[in-house]
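**Q** Chains as they are written, first to last, in full-length UniProt numbering: chain A, 1 to 257; chain B, 1 to 272.
For the record, the hints were derived by calculation from the structure and aren't laboratory data. Certain hints may be false.
[Stated by the list, open to error] The calculated EDC-like cross-link candidates involving lysine to aspartate or glutamate, where the alpha carbons are at most 16 Å apart (straight line), are:
1) B:LYS91 with A:GLU121
2) A:LYS180 with A:ASP155
3) B:LYS191 with B:GLU16
4) A:LYS123 with B:GLU90
5) A:LYS150 with A:GLU217
6) A:LYS253 with A:GLU61
7) B:LYS67 with B:ASP45
8) B:LYS91 with A:ASP118
9) A:LYS253 with B:ASP238
10) B:LYS245 with A:ASP195
11) A:LYS150 with A:GLU121
12) A:LYS150 with A:ASP251
13) A:LYS253 with B:ASP240
14) B:LYS68 with B:GLU16
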Amino acid sequence: MSNDYTSSEMMTVTAARALENGMTCFVGIGLPSEAANLARLTHAPDVVLIYESGTLQTKPEVLPLSIGDGELAETALTTVAVPEMFRYWLQGGKVDVGFLGTAQIDRYCNLNTTLIGDYREPKVRLPGGGGAPEIATNAGEVFITLKHSKRAFVDRVDFVTTLGFGRDGKGRDGVPNIGKGPTRVITDLCVMKPDPETKELVVVSLHPGVSREDVIEATGWEIRFAESLESTPQPSAKELEILRDLKDRTDRKHAGQ
Amino acid sequence: MAEFLSLHDAVARYVEDGATVAMEGFTHLIPFAAGHEVIRQGKRDLTLIRLTPDLVYDQLIGAGCAKKVIFSWGGNPGVGSLHRLRDAVEKGWPHQIEILEHSHAAMACAFEAGAAGLPLAVLRGYVGSELPSVNDQIKFIECPFTGERLAAVPSVRPDVSIIHAQRADRAGNVLVEGIVGVQKEAVLAAKHSIVTVEEIVDDLGATPNACVIPGWAISAVAVAEKGAYPSYTHGYYDRDNRFYKEWDAIARDREVFTQWLDDNVYNAGGAA
């Protein structure tokens with residue numbers, strides 16, 4: 001099975017494996033949604049997927065393009081209003097894990113989806129916070145998945161849209177009634193976890209064929225590596241087959257076929 | 001009691017220049033037909049509120065209707081940017097607009113508080129986010145019982161809210177099915193409301209706990225078939241995901257956008 005999968009597939013499969021069967025997961029659109037549904041279709045059939053559109057325990061046949069595709073409501077156990085979703089289900093503490101993507105992330109897992117540049121004179125205006133600011137603090141813990149690049153992994157995010165651990169790593173200290181925050185970051189090169197003390201991201205596992213230099217080259221700060229660095233297990237043939245089927249039927253559906 | 005009006009007349013009567021307007025629908029049931037009518041009638045200086053501006057506000061912004069946009073996620077879902085929103089914010093075309101941005105949770109709570117007649121919404125939100133530093137409408141208060149620091153935002157009280165729904169009965173009672181977003185809250189929070197529907201029926205066919213908005217809580221009901229297209233109406237037609245992807249190229253270029261607006265809004269539909 002070596003070499004016949006892409007780095008994107010490696011990322012999705014690894015992100016999917018992070019979800020345990022029976023977890024309740026608040027799912028962001030894009031890569032997190034792909035990973036969460038792969039988990040549901042493989043090792044975690046009873047994972048509960050919740051989307052911010054109000055769809056509770058949904059089992060989409062194809063990946064949604066938007067967070068509110070009809071597919072999500074049609075395959076959900078029930079659909080609630082958006083205020084109820086955020087107030088009762090998320091803020092009320094019913095979500096184990098929030099699964100997020102981002103445009104920028106820094107060493108303390110702070111996420112920027114607001115803009116590049118200065119707020120009043122942005123170079124690039126990004127979509128904004130959406131559900132992320134409260135998902136990141138009201139879910140029990142947070143998984144983050146995105147492609148590894150120097151543009152995304154920056155020393156300082158231009159704007160903290162969503163709290164990781166703050167600019168100094170102490171942003172959650174002493175704040176009552178919030179979750180643990182980010183517990184892992186999964187990219188196409190590696191898996192990172194926050195240092196238990198400093199909260200700085202540390203590489204704990206390299207994907208097969210990826211070197212330390214590859215990660216250093218793609219990270220905008222002096223990235224640290226765990227002493228006992230692991231090698232991420234390869235995707236299985238079954239995981240790849242299910243992922244490719246899912247993506248194929250998704251592409252067909254979104255092309256209007 | 002809701003009055004049955006044409007879409008043209010409903011917009012002409014209730015959407016005034018300078019008004020604060022919420023056209024809601026969370027991906028689903030986005031009131032595009034109504035948005036296009038607002039563009040055709042040349043409304044100006046609107047404060048536009050929506051969690052997800054989506055294509056409908058991209059079009060209104062590009063057409064020059066907006067003065068200010070209050071939102072929480074301004075992208076083309078699954079595709080990328082809203083280029084008309086970006087062009088207005090980054091380059092001031094067709095004119096500079098003011099933006100005020102929140103998180104979804106805060107806006108959802110603000111609509112709910114508006115419906116509840118309260119001046120503010122309270123939530124466990126914005127912890128560690130820098131959004132409060134760029135939005136003076138986000139404050140923090142201390143819980144008088146526990147001392148916990150909580151976020152507070154003003155409630156949303158639009159001059160007019162506009163939503164789309166599946167159907168109304170002959171008394172103007174409206175059924176909303178599927179992803180219901182903040183539509184009920186938007187209608188109840190507003191001074192006036194316009195609901196466009198796919199059809200008028202004798203019997204709504206609503207189950208006891210269905211989301212029904214009574215006709216007496218709505219100002220005007222107007223029939224707009226396929227009024228949510230290219231978003232969708234659950235039970236009637238699907239979201240046109242292909243168009244959402246095509247919009248990226250249309251909206252990216254000012255001239256292509258202007259031509260699209262001429263062909264599909266100014267010179268299309270809108271019978272009085």
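**Q** Under the constraints set out in the numbered hints, which ones does this structure not fulfil?
**A** Hint check: 2, 10, 11, 12 fail, others pass.
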